[in-house]
Amino acid sequence: MALYNNHAGNRSYKRNLRNGIIMALLLVFALATLFPIYFMVISTFGDPVEAGAVSYSLWPAKFTFASYKFFFDYSEYSFRWIWNSLIVAGSVMVFNVIFATMAGFAFSKLRFKGRSLLFTMLLVAMMIPYQVTQVPLYILIVNIFDIQNTYGALILPGLVTVYNIFLAKQFMSSIPNEILESAKVEGANQFQIYWKIIMPLSKTVMAVMAILTFMDSWNTFFWPFLVTNTMDMQTIQVGLKNFRFANTTYFSPMMAGATVSALPMFILFFSLQKYFLEGVTVGAVKG
Amino acid sequence: MAQPAAQGKKLKMKGDGAWGYAFIAVALVIYALFTAYPVVKAFLVSFQEYKPLGSTYVGFDNYVSSFHSALFWKAIRNTVVYTVLTVPVALVLSFAIAIMILPLRKSMQTAFKAIYYLPVVASGVALSVVWLWIYDPLPAGIFNQLIHLFGAHNQNWLGSSATSMLSLVIMSWLSSHGASIIIYLAALLGIDESYYEAADIDGATFWQKLWHIVIPCLKPTTLFLLVTGVIGSFQVFQNAYLMTGGGPDHATTMVGLLIFDNAFKYFEFGKAAAQSLVLAFIIAIISLIQFKFLGKDVEY
Chain A
1 MALYNNHAGN RSYKRNLRNG IIMALLLVFA LATLFPIYFM VISTFGDPVE AGAVSYSLWP
61 AKFTFASYKF FFDYSEYSFR WIWNSLIVAG SVMVFNVIFA TMAGFAFSKL RFKGRSLLFT
121 MLLVAMMIPY QVTQVPLYIL IVNIFDIQNT YGALILPGLV TVYNIFLAKQ FMSSIPNEIL
181 ESAKVEGANQ FQIYWKIIMP LSKTVMAVMA ILTFMDSWNT FFWPFLVTNT MDMQTIQVGL
241 KNFRFANTTY FSPMMAGATV SALPMFILFF SLQKYFLEGV TVGAVKG
Chain B
1 MAQPAAQGKK LKMKGDGAWG YAFIAVALVI YALFTAYPVV KAFLVSFQEY KPLGSTYVGF
61 DNYVSSFHSA LFWKAIRNTV VYTVLTVPVA LVLSFAIAIM ILPLRKSMQT AFKAIYYLPV
121 VASGVALSVV WLWIYDPLPA GIFNQLIHLF GAHNQNWLGS SATSMLSLVI MSWLSSHGAS
181 IIIYLAALLG IDESYYEAAD IDGATFWQKL WHIVIPCLKP TTLFLLVTGV IGSFQVFQNA
241 YLMTGGGPDH ATTMVGLLIF DNAFKYFEFG KAAAQSLVLA FIIAIISLIQ FKFLGKDVEY
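Residue numbers (UniProt numbering), protein chains in the order written: chain A, 1 to 287; chain B, 1 to 300.
One should not assume that every hint holds.
Said to hold, decoys possible - Chain A regions said to be covered by chain B (calculated; three or more residues, Cβ under 8 Å): (1) 36–45; (2) 163–176; (3) 197–205.
As the list claims (entries may be wrong) - Lysine-lysine pairs mimicking DSSO-like chemistry, simulated, CA-CA at most 27 Å apart: (4) A:LYS274 / B:LYS106; (5) B:LYS106 / A:LYS14; (6) B:LYS219 / B:LYS74; (7) A:LYS196 / A:LYS69; (8) B:LYS219 / B:LYS265; (9) B:LYS292 / A:LYS203; (10) A:LYS14 / A:LYS113; (11) A:LYS184 / A:LYS203; (12) A:LYS241 / B:LYS265; (13) A:LYS113 / A:LYS241; (14) B:LYS292 / B:LYS106; (15) A:LYS184 / A:LYS196.
Since the hints were derived computationally from the structure, they do not count as laboratory data.
Values in this document were obtained by computation on a predicted structure and should not be read as measured data.
For every residue, glycine included, the Cβ atom is placed at its ideal position computed from N, Cα and C.
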């Protein structure tokens, strides 16, 4: 706090004035940041009328859930899209945590030939833009494996994320070797060490990984859009796009769809806020 | 005595090696299949006219035709314009906000962090749906109503080539600085108190401390956000695709969108692969330059 001068005693009005101005500025920016989300949610309570009749009010004249009903009635697959998203994001999350902690343990605590070379290879992969791999990946899934429009196509390419391996490795490097050595002396093998010592000590980073991976997978639009071609296999993000193009004249049902797609993440965010906010800094700030 | 000990160590390492490979086996297979193989394949495809059954080798044709394409250069120019208009603003804004959050109570800090981060957890598709309506030209959408207050006329924000890029830029300005703010704030809290104490003894003002202590100390963070921001901006695709489709008159066609169109609209996989490798090359060069010029006295 020492960046700011401490106005003590009779100058405390200065500090209050300063903090007041700061709060006002922060609130103005907060309003601007939250406005699209507020607008999205508040618009869903209006009548599902066509665009010409929309009044763009910032506060609805009346509250009705008719737009949500309209959204779910619009397509017989509305619920199916949410279900698909849950399956895909859920399995991607679980497998990522398992595989990333295993690889992270190996890269941080085990000595084996080619370890640093393999790890460098993984890191290089992080710098390659996804545009490079998207075309060959599409060819692989659609023309070679021939599994487009399946859960396999949606899930397989996301099973392992290099960033998660990197996070796990960074975190596990800070676990003291002495603990692992004493376990070894007790006769534990490496799998037991991983399962009984590393995993319980890595709960925080696992939670962070799980949440960020789930969020990415839930919000992803591009890949599911490419590899699905029937409505029943689409995720909610892709379904939302259909809806927008089919029905651009219906404003509040569209917002209802957007709200439905975002709601699970909002709920997760408010209940697990600490891990979300922690997760942002894990890879970015050293120390 | 020394002999058996060394042997024992060697034996243990051998065991470790097998465990090591066992632990990374799955990750490695997935990596080989879904990252390494596609990268190699992208190189091969970029020299081919790709057909699912039997491609033909065309040498550098895909690269040459891209470099001769006015649209490719326009897409690069659009991407550069978008990057220059959004990334520095994002850095300055998130730095200023982090500085302003700093003197607040812990609970207020958390509250503001959560507020600013909330748009990040909403999906891009949902936000693009909202922004489409904010920019709606007829009947006058919220944004047009807002500029009426300043005496401006209705604009067809996304539908006119004069304003479509600006629309995407404004949308970027007003969303998703949450992560950068939190990263800056964490870095600010990590600055050693003794620097400020020394400055206080010398009678430094707030602005002097900001200029001589905070900004130099946050240089690694700024570099990190700059490099990741530029890399991300060069790959930008989704907003342009969902909001404008690259139009009107290709005014918002970014490189990422052009590659997508070539691949999945015109099924010119070879051309798309070549352009994606050019993009990867540009990104690598930009990152190198940034590290060279800005990373001189940054320690990692």
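Agreement of LYS184 (chain A) and LYS203 (chain A) with the hint, judged by alpha carbon distance not exceeding 27 Å: Given that 27 Å is the threshold and the Cα spacing comes to 22 Å, the pair holds.
Whether chain B covers the stretch 163–176 of chain A (at least 3 residues having a Cβ closer than 8 Å to its Cβ atoms): violated (count 1)
Three-residue Cβ test at 8 Å for the coverage of the stretch 197–205 of chain A by chain B: violated (count 0)
Satisfaction of hint between LYS113 (chain A) and LYS14 (chain A), Cα-Cα up to 27 Å: Distance of about 63 Å is beyond 27 Å: violated.
Hint consistency between LYS106 (chain B) and LYS14 (chain A) [alpha-carbon to alpha-carbon, up to 27 Å]: holds, 21 Å
27 Å Cα cutoff - pair LYS113 (chain A), LYS241 (chain A): violated, 48 Å
Given hint LYS203 (chain A) paired with LYS292 (chain B) - CA-CA distance at most 27 Å: violated, 38 Å
Hint consistency between LYS241 (chain A) and LYS265 (chain B) [alpha-carbon to alpha-carbon, up to 27 Å]: Satisfied, since the Cα-Cα distance of roughly 17 Å is no more than 27 Å.
Restraint status (C-alpha distance of LYS274 (chain A) to LYS106 (chain B) at most 27 Å): The given pair, whose Cα atoms are some 13 Å apart, holds under the 27 Å limit.
Restraint check for LYS219 (chain B) with LYS265 (chain B), where alpha carbons must lie at most 27 Å apart: violated, 42 Å
Straight-line alpha-carbon gap LYS292 (chain B) to LYS106 (chain B), limit 27 Å: violated, 37 Å
Straight-line alpha-carbon gap LYS184 (chain A) to LYS196 (chain A), limit 27 Å: Distance of about 12 Å is within 27 Å: holds.
Comparing the model with each earlier hint shows violations of hints 2, 3, 6, 7, 8, 9, 10, 13 and 14; every other hint is respected.
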